[in-house]
Amino acid sequence: MADGILLERAGIPAVSLCTDAFRITAEAMARSLGFPGYQYVAVPHPIASRTLAEIDVIARDFLPEIIRVLGAGLTIRPAD
Amino acid sequence: MEEPPVIDDAPLADPAEVRRAMEFYSSRGWTDGLPVVPVTESYLAEFLATTARSPSDVVLAMPHLNRALTVRLAAINAALAGCLPGYFPVVLAAWDSFLGDGGVSRAIWQSTTGTAPFTVVNGPVRAAIGLNSRGNLYGSGFRANATIGRAIRLGSLNAFGLRPHVLDQATQGTPAKYSCCIAENEEDSPWAPLHVDNGLSATDSACTSTVIRSVLHLEARHTIVPEQLATDLADSICRTGAMVRAFASVYVVLNPEHARLLDSRGWSKQDLKQAIIERGSRTYRELAASGKEAIAKGTGWRLPAGHPDALPQTAPSDPDTPVPVIRSAHDVQVVVAGAPNAGVSSIVETFGAVGRPPSVAKIEEQRQGREYRTDPGST
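Chains as they are written, first to last, in our numbering: chain A, 1 to 80; chain B, 1 to 379.
The following block holds chain A by itself, in its conformation from the complex (with noise of 0.2 Å):
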C-alpha cells in the first residue's frame, strides 16, 4: 500500500494490490501516509495456498478494476 501511494505521488501510476483479509490494514496504512481514501484492489483471500489455475481466475477476473483504478483510459486488449 505504501509502495503504491509513494509510486504515485512520485507521479508513477500505480495500483495497490491486497486480498481482502488485509483491507483494514490497508485503509490504515493509506491514513497513515495521509491518503484516505486511496484507491486499491483487493482481491480474494487466500493467496499462496491456492493452485496456480485459480489464480488465473482471480487475475482474470480483477483485470479490468485494476486497469480502471490505474485510471490511464486503457483498455484490454481480446484474446486472439
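Hints may be right or wrong, so weigh each one.
To be verified - Pulled from the structure, derived: some chain B residues nowhere near chain A, Cβ distances all over 10 Å:
| id | residue |
| --- | --- |
| 1 | E3 |
| 2 | P15 |
| 3 | R20 |
| 4 | V58 |
| 5 | T113 |
| 6 | L261 |
| 7 | I295 |
| 8 | V354 |
As the list claims (entries may be wrong) - Per label pair, the in silico range of CB-to-CB distance:
| id | chain 1 | residue 1 | chain 2 | residue 2 | range |
| --- | --- | --- | --- | --- | --- |
| 9 | A | E65 | B | Q172 | 26 to 36 Å |
| 10 | A | A59 | B | T299 | 13 to 23 Å |
| 11 | A | R60 | B | Q270 | 30 to 40 Å |
| 12 | A | A10 | B | P15 | 50 to 60 Å |
| 13 | B | F24 | A | A10 | 36 to 46 Å |
| 14 | B | N66 | A | V57 | 33 to 43 Å |
| 15 | A | P44 | B | N66 | 23 to 33 Å |
| 16 | B | G141 | A | P13 | 54 to 64 Å |
| 17 | A | P44 | B | P15 | 45 to 55 Å |
Stated by the list, open to error - With the C-beta cut set under 8 Å, the calculated list includes, among others, these residues of chain A facing chain B:
| id | residue |
| --- | --- |
| 18 | F22 |
| 19 | T25 |
| 20 | A28 |
| 21 | S32 |
| 22 | L33 |
| 23 | A53 |
| 24 | V57 |
| 25 | A59 |
| 26 | L63 |
No wet-lab data here; the hints were simulated from the structure.
For each residue, glycine too, the CB sits at the ideal point set by N, CA and C.
Since the structure of chain A is provided, determine the placement of chain B on it from the hints.
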C-alpha cells in the same frame, strides 16, 4: 515468608479515582489490555532527567508509517508500562538495539509472522535495578524485566500505532508480546557474557534486542556428554515447522548447569556454537517431506521445488544428503541464564538479522550525581 496482599493495607488513595484514571487510558486505547500507570508531566520529567538526550530526539523512525518514536514518547510508554525512572536508560538502549537490528524499522511488526520484542540485558545495571537473570527467567514476577519489556511493546502500540487487527497483522502473535526482557546470569556463567563477546567491557551495561517468535524448552537433564547436548539443541533449532526463511536464527539460552557441564569438559561457547552448526542440517528427504526443500525467488522463503516461485535447483542424487539450515555462528547466539537447578535450557527462535553479529547497544551512563534509581518517584 511474605504476607499475601491485604485490602486494608493499601495506600491512601481514592480507589474510584484510581479506577477512573485506569479507565481513561484504557478508553483511549493506550494499553496492551492490562492497566497502565498514569503519567503526569512531572513524573515524565523524572524519566527524561535520566538521559542526556533531548525529549524531541528521534530514537527510531518508521517512515513508511509516517511515524517516529522520540525520547519523550519512549519515556511516556516506559512510565505507562510501570517502569521506574531509573529503568529508562535501559529502555532507550533496548530501542537503540532494535534500530541496529533493523527488522523493526522495516515493518516486521506489521507482518503476519507476529514477532515480539526480545531484549537481553548485560552488565552492572542488572543488579542496580533488580533485573532477574536466574530462576523463572521469562517471568513473571520481576518488575524491571516485566516493565522494560512492556515499555517496548507499549511503544510499538502507542507511538507507531501497531495495533492488532489494524496495522499489526500477526496471524498468531506470541505471549512474549506482553513483555520479554531477560538478563544474562553472568555470575553463574563460566564464559564471557554476550556484550563482552561483542566488544564491550564487562563494566559496561548493554541491551541486545531482536524480534522473536517461539521460546522452546530443551529438556536435557539426562546427559553429561557435550555432543549429546549439542545434538539435542541442533535438532530443536532445525525443526521444519519453524522454517519460513532458508536459515535458522536463534538465541540458545543455556542454563548455568549446562554451561558449566560444557566448560568442565573443555568446551568454550564457540565450541558449542560450532558443534550446533555441524549438526544444524536436515536431509533433503526430510525437507521435501514438509515441502520446504526449495527457496523462493524474492522472499527467500522455503517452499516445494515444484512451486512456480521456486529458484531452480538440482535435487541431490542421495535424498539423505544433509542440507545446512544454520549458516553461521552469528545465528546461534549463546546466553547463559536461568537457575542452575536443572538441565533445562531454552531456544529463542528469532526473526531478526541472519548472518551478522547481534545489535548490542551500550546503556547510557546515568547523568553525573545520579544513580540508577530503584525507589518509586515522588509524584
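Hints versus structure:
Distance check for B/E3 against chain A: the nearest CB is about 47 Å away, which clears 10 Å, and the non-interface claim stands. Taking the minimum C-beta to C-beta distance to chain A, about 37 Å, the non-interface status of B/P15 holds against the 10 Å cut. The beta carbon of B/R20 sits about 30 Å from the closest Cβ of chain A, which is more than 10 Å, so the claim that it is off the interface holds. Taking the minimum C-beta to C-beta distance to chain A, about 17 Å, the non-interface status of B/V58 holds against the 10 Å cut.
No Cβ of chain A comes within 10 Å of the Cβ of B/T113; the nearest lies about 13 Å off, and the non-interface call holds. No beta-carbon of chain A is positioned within 10 Å of the beta-carbon of B/L261; the least distance is around 43 Å. Separation of B/I295 from chain A is adequate, the least Cβ-Cβ distance of about 15 Å exceeding the 10 Å criterion. Consistency note on B/V354: stated as away from chain A, and its beta-carbon is indeed over 10 Å from all of that chain's, at 22 Å minimum.
Hint check: A/E65 to B/Q172, Cβ distance near 32 Å, so the stated range 26 to 36 Å holds. Evaluation of the 13 to 23 Å hint for A/A59 and B/T299 yields a pass: the beta carbon distance comes to about 19 Å. Distance hint check: the CB atoms of A/R60 and B/Q270 are about 56 Å apart, inconsistent with the given range 30 to 40 Å. A beta carbon spacing of about 56 Å between A/A10 and B/P15 agrees with the range 50 to 60 Å that was offered as a hint.
At roughly 42 Å, the beta-carbon separation of B/F24 and A/A10 lies within the given 36 to 46 Å, and the hint holds. For the pair B/N66 and A/V57, the beta carbons lie near 36 Å from each other, so the given range of 33 to 43 Å is met. Roughly 30 Å separates the CB atoms of A/P44 and B/N66, a value that falls within the hinted 23 to 33 Å. Remark: the range hint 54 to 64 Å for B/G141 to A/P13 is upheld by a beta-carbon distance near 56 Å.
Under the hint 45 to 55 Å, the C-beta atoms of A/P44 and B/P15, about 51 Å apart, fit the expected range. With its C-beta approaching chain B no nearer than about 7 Å, A/F22 sits inside the 8 Å limit, and its interface hint holds. This hint holds: A/T25 has a C-beta 5 Å from the nearest C-beta of chain B, less than the 8 Å allowed. Checking A/A28 against chain B by beta carbon gives a least distance of about 5 Å; that is within 8 Å, so the hint holds.
Hint status for A/S32: holds, given a least beta-carbon distance of 5 Å to chain B, under 8 Å. For A/L33, the shortest C-beta to C-beta distance to chain B is roughly 6 Å, which falls under 8 Å, so the interface hint holds. Against a cut-off of 8 Å between C-beta atoms, the interface hint on A/A53 is violated, since the closest Cβ of chain B lies about 11 Å away. Among the interface hints, the one on A/V57 is violated; its C-beta lies about 15 Å from the nearest C-beta in chain B, farther than the 8 Å criterion.
A hinted interface residue such as A/A59 counts as satisfied when its beta carbon comes closer than 8 Å to some beta carbon of chain B; here the least separation is about 13 Å, so the hint is violated. The beta carbon of A/L63 is not positioned within 8 Å of any beta carbon in chain B (closest approach about 19 Å), and the interface hint is therefore violated.
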